[in-house]
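**Q** Given chain A's structure and the hints, the job is docking chain B onto it.
Number of protein chains: 2
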Amino acid sequence: MTILETQGLAAKHAARVLAVAGTARKNDALEAIARAIEQRQAEILGANAADLEAARAAGLRPALLDRLTLDARRIAGIVEGVRQVAALPDPIGEVTKMTTRPNGLIIGKRRVPLGVIGIIYEARPNVTVDAAVLCLKSGNAVILRGGKEAFRSNQALVAIMRDALEQAGLPQNCVSLVEDTSRESANELMGLTEYLDVLIPRGGAGLIRSVVEHAKVPVIQTGVGVCHVYVHEKADLDMAARILHNAKTSRPSVCNAAECVLVDRAVAGDFLPMAWELLRTKDVQLRGCPETRAILGDWVRPAEEADWDTEFGDYILAVKVVGGFDEAVDFIAAHGTGHSEAIVTGDYFAAQRFLDEVDAAAVYVNASTRFTDGFEFGLGAEIGISTQKMHARGPMGLEELTSSKFVIYGNGQIR
Amino acid sequence: MTILETQGLAAKHAARVLAVAGTARKNDALEAIARAIEQRQAEILGANAADLEAARAAGLRPALLDRLTLDARRIAGIVEGVRQVAALPDPIGEVTKMTTRPNGLIIGKRRVPLGVIGIIYEARPNVTVDAAVLCLKSGNAVILRGGKEAFRSNQALVAIMRDALEQAGLPQNCVSLVEDTSRESANELMGLTEYLDVLIPRGGAGLIRSVVEHAKVPVIQTGVGVCHVYVHEKADLDMAARILHNAKTSRPSVCNAAECVLVDRAVAGDFLPMAWELLRTKDVQLRGCPETRAILGDWVRPAEEADWDTEFGDYILAVKVVGGFDEAVDFIAAHGTGHSEAIVTGDYFAAQRFLDEVDAAAVYVNASTRFTDGFEFGLGAEIGISTQKMHARGPMGLEELTSSKFVIYGNGQIR
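In order, the protein sequences belong to chains A and B.
Residue numbers for the first sequence follow my numbering, beginning at 28 and rising by one.
Residue numbers for the second sequence follow my numbering, beginning at 28 and rising by one.
None of these hints come from the bench; they were simulated from the model.
In this text, all values refer to a predicted model and were calculated from it rather than measured experimentally.
Treat the hints with care, as some may be off.
Residues from chain A shown here face chain B by an in silico Cβ test under 10 Å; the list is partial [unchecked claim]: (1) K39; (2) K136; (3) L141; (4) A242; (5) I270.
Virtual Cβ for every residue (Gly too), placed ideally from N, Cα, C.
Chain A on its own, in the form it takes in the complex:
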């Protein structure tokens, strides 16, 4: 057996214990983790300092250095996150349906853990704790494979969580870290069909593509969002400008930020200058279609074909004037990534048709796409946002980390 197979087998054994551990013991373990992270903060900061030093020497970009950095405030945030997850209802054990069949069999569908979850992620060490506690609360063992930049920080955090698990009477192997951060270890993890029930990549488009391309284990695809705001001719233009401004600029690096605005021709001449008044306060770069440039001026950079399919993740917005509802919906079908799509309209029928016809994880009427988020949707937590249609779609909370089994009570039935 390879090192990773041994780790997979250990996780599978731990998962069997965790699956029937009960809510009280799982919460005890989470509280033990929270306390241990507080108490052993110096250890974490020391490891993180070593990571940062190595990353600076390797010339990591400032934005990535910032994501890698831990300090007392961020650690307090991590600890608070652990306690919030502990306070959430336990999804495991719920019987979502139960019926008695004509032959007297009583058949129930019970919520159970998925088993062993693999998480592949990039630089941020807070994901290490975040993902681990969501998996634990939902009864799953987890194998974490973080980026090499955060390796020492992740090692410290995982060692602390494993100690805390043991104190709480649960197997240490409920949480483990892949000790090899090479590309080979990631590839091996993607092929661990014997031991992994699900693999969740958390990170940029390149990571997710690579996982979808290579994984043999079931994957939940997260993340990429080319989201649109469609300003319908019957929109309240003031509301539309505020929604667009929020969707584009409140946090442009995240997947639920808008990348493109579609405007009905009938209102484009009024709307685009209004919208620009707000967008210019954040120095948003526009990339427009010819009609947009005719309205706003030649200073608007011409949109190239690739711009309609790009997740800019930055203060850049593609702008297109459309002939009406059908063209807008077709454009979204052609260029959207099925993440979050919004219409702004005062027309009842346009609103209903948009909700029906646009195929995305979250479809909005008169609200910013930025709400697509586990906390905002009331799930209490979030492991990621699924952009696939199988298993889970949209923000994933604890329930999305579960499976089900049929439990059948008989009294001798044969078929």
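**A** Okay, now just chain B, sitting in the frame of chain A:
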């Protein structure tokens, strides 16, 4: 674009129309399909005769020839199946949850189709219609890739279904057949991430392994079952013998048939001879552990290590005497495939622990494993039995062919 990519794109376009077609139109299309199959029976039988002739010439085994054969009775069965699916409730459009958030956003989770489903299957032409109508009813376009032995039959059936779809005002491309039955076409289908939302293999272990190994699109794994009946020391031995006999012999070729019986040592001496009295009526071959042979005699063939992990699919039963509950549950964890597992016992606590601790799609107390089936579970239909934990687990009906989207009603909310 390759032929298959063109087909995928056409299916994707058709799926957009089908997704919002409504229940009445979908049911009209199903009824048109049922009628057309009845009316064009001669065409189907002609194509099937050509398939059979070619298969006989190629020396296909009698059992496979039988699965390939269509006749008036089987066609009537197919037609009845179509009408049964038409009569089922439409899962699409159900809103499973809807809440108003503190900021006034109204967020609902609405059931929607998966989109485009690929089905890869082997010789039986009835699967062609069966799978297609389940996909249609649940609002999904389907790309069918059947085995080469049934190609002419499948062509005839798909042509008939496409004509009927058109008559009912739906796009023909809601159903299409992969015209190339080579291994290459299967591999290409498995990589069609741009157009396929889900791929479901229906067939033997080899097919399923190959799909899991090669697919880049999300897969729902179906089928393989190494199922156990565990006879606990507190079992009603008479009931246990009847359940075992039924689980093994009522239809040994299917995945929910039992392959192995585990018997508590305390009752093995009484139980095994009783069970044999029933099993011998079907000439079941036993493969036993040493204790089994000590009880029943040397005529029992010694079980080899591989026998504990084999889906015999035949009148063969592995028999093992165990020391008690824990050994039985550990044995099932080590050798089961997570399909269907049964305990026979009169002990309340043993029953509850078995339901909790055994990790399988269906876990039974005092009933035959043979009930794991969409019809028996009251789902009304079945596209297959999932043995994975993601998306769906156990028998899959129409609901399991759906995804969800969040629909959000706002009045100007920004974040």
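**Q** Give a verdict on every hint.
**A** We went through each hint and held it up to the structure:
1. K39: holds (9 Å)
2. K136: Interface hint status for K136/A: holds (8 Å vs cutoff 10 Å).
3. L141: holds (5 Å)
4. A242: Holds: closest Cβ of chain B sits about 8 Å from A242/A, inside 10 Å.
5. I270: holds (6 Å)
Hint compliance for this structure: every hint is met.
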